[in-house]
Amino acid sequence: MEGKEVRFGPDTSGLFATVTTGTSTGAVDSMHDSFLPVGGLVPLFNMELGEITPGGVGAGLYGILVFAIIAVFIAGLMVGRTPEFLGKKIEAYEMKMAMLVVLSLAFSILFFSAVATATAAGKAGPLNGGPHGFSEILYAYSSQTGNNGSAFAGLTGNTLFYNLTGSFAMLLGRYAMIVPILAIAGSMAAKRRVAESLGTFPTTGPIWVGLLIGVIVIVGALTFFPALALGPIVDQLINNAGRLF
Amino acid sequence: MRTFIKGQLWPAVAILLAFTVITGFAYPAVVTAVAQIAFPGQANGSMIVVDGQTVGSSLIGQSFDDPKYFSGRPSAAGAGYDPTLSGGSNLASTSQALIDRISAQVDALRKANGDAPIPVDLVTASASGLDPDISPAAAEYQVARVAKARGMTEDQVRAVVARHTSQPFLGFIGAASVHVLQLNLDLDGLLR
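Protein chains in written order, with this note's numbering: chain A, 803 to 1047; chain B, 39 to 230.
Check each hint, because a few of them may be wrong.
Sample of chain A residues lacking proximity to chain B, with all beta carbon distances greater than 10 Å (derived) [said to hold, decoys possible]:
| no. | residue |
| --- | --- |
| 1 | T814 |
| 2 | L863 |
| 3 | A992 |
Computed Cβ-Cβ distance ranges for the label pairs, DEER-style [to be verified]:
| no. | chain 1 | residue 1 | chain 2 | residue 2 | range |
| --- | --- | --- | --- | --- | --- |
| 4 | B | R148 | A | I1020 | 49 to 55 Å |
| 5 | B | A200 | A | T921 | 22 to 28 Å |
| 6 | B | V72 | A | M897 | 23 to 29 Å |
| 7 | A | R976 | B | I60 | 22 to 28 Å |
| 8 | B | D138 | A | M897 | 51 to 57 Å |
| 9 | B | L54 | A | G1007 | 42 to 48 Å |
Think of the hints as simulated: they come from the structure by calculation, not from any bench.
Note that beta-carbon positions come from the ideal geometry of N, C-alpha and C, so glycine has one too.
Construct all of the structure, not just a fragment, from the sequences and the given hints.
Pasting the structure below:
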């Protein structure tokens, strides 16, 4: 119950944390920093997936559209046809832009976290010791890149170092995503509609849903698993072993 | 130039002015008016008034140290229940500082209430540091102490506790809670 209100209780607090990070809401009704490590892992991973888990609400819509484009591309590779999405051909240009979005998300979160853990100014931030301190740093840049707003609030963020790197993470999180997505939109709008054929991969139905979820989870897990393993996962194992910092 | 002024600049300025009036003045005025007319209590801070004197807000917890009052949860807000410094401890489950704080709190509770198992919310600080509630288990844990300090029977105290216990919304959203300030006011016979 550390960091939770009685009237909300542990279960609604956990639900609130999941929803607020699955979307780009960022409001909190409990202190995420005091969750058990695996409890903190869920909001962290939600933001690192691009805040698209409930299907992409608000600004999450363009996030999930990028993943839809990557998913039709992968499906296209599997059946050996030019992929199509919403009646438009997906070609090299769209794929490059979609990958730019995915890579800038990962770059902004992981690069700035790495810088913070490698510099004295960055290491001065975390309140908690051990791997939980790294989780605090990782959460800060995940939240700022994803424009979420929730925090592992133990981190002292109001320093020159965190203000500067955080502002760059926020700039990247917005513009390094919006610009390539607008480029995709412009390029697709200029293309002629192609008629549906037998080779068109249907973007409805359970196979599509499974493929899309698979792409989102695999891209997110492959990109962020090493960082999560150093943060909340090892933190939980140390917690179970009863070691304190 | 003329087409620029007529075609772009004027619409932009007109929309700026229109939205300044609508979102800057009209909308807040309407929301304030509706709130003050339809929900005056909530709009002014859910204040609890006893005999014409405001004793607190039902949303903001206060600290009680006297054994004849039910005490609330530990608070990380300033020196404790400081509404200008609302916040949690942010300590992790692997934090030595958290374990030390909980151990000290356990010792203090044992000294005041005896050796019964201690409900977890009485040794953990809330997210806001201003939690106005305790769990029903935490209230039950303190019933014997309060009854003794007041010379009441335990069942009399339990009846007052029951009056200030709220069930979860729709039965499953949130958790049951006991409102500490209202409970203590009622014990003093100040609520009617």
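Among all the numbered hints in the text so far, which are the ones the structure does not match?
1, 5, 6
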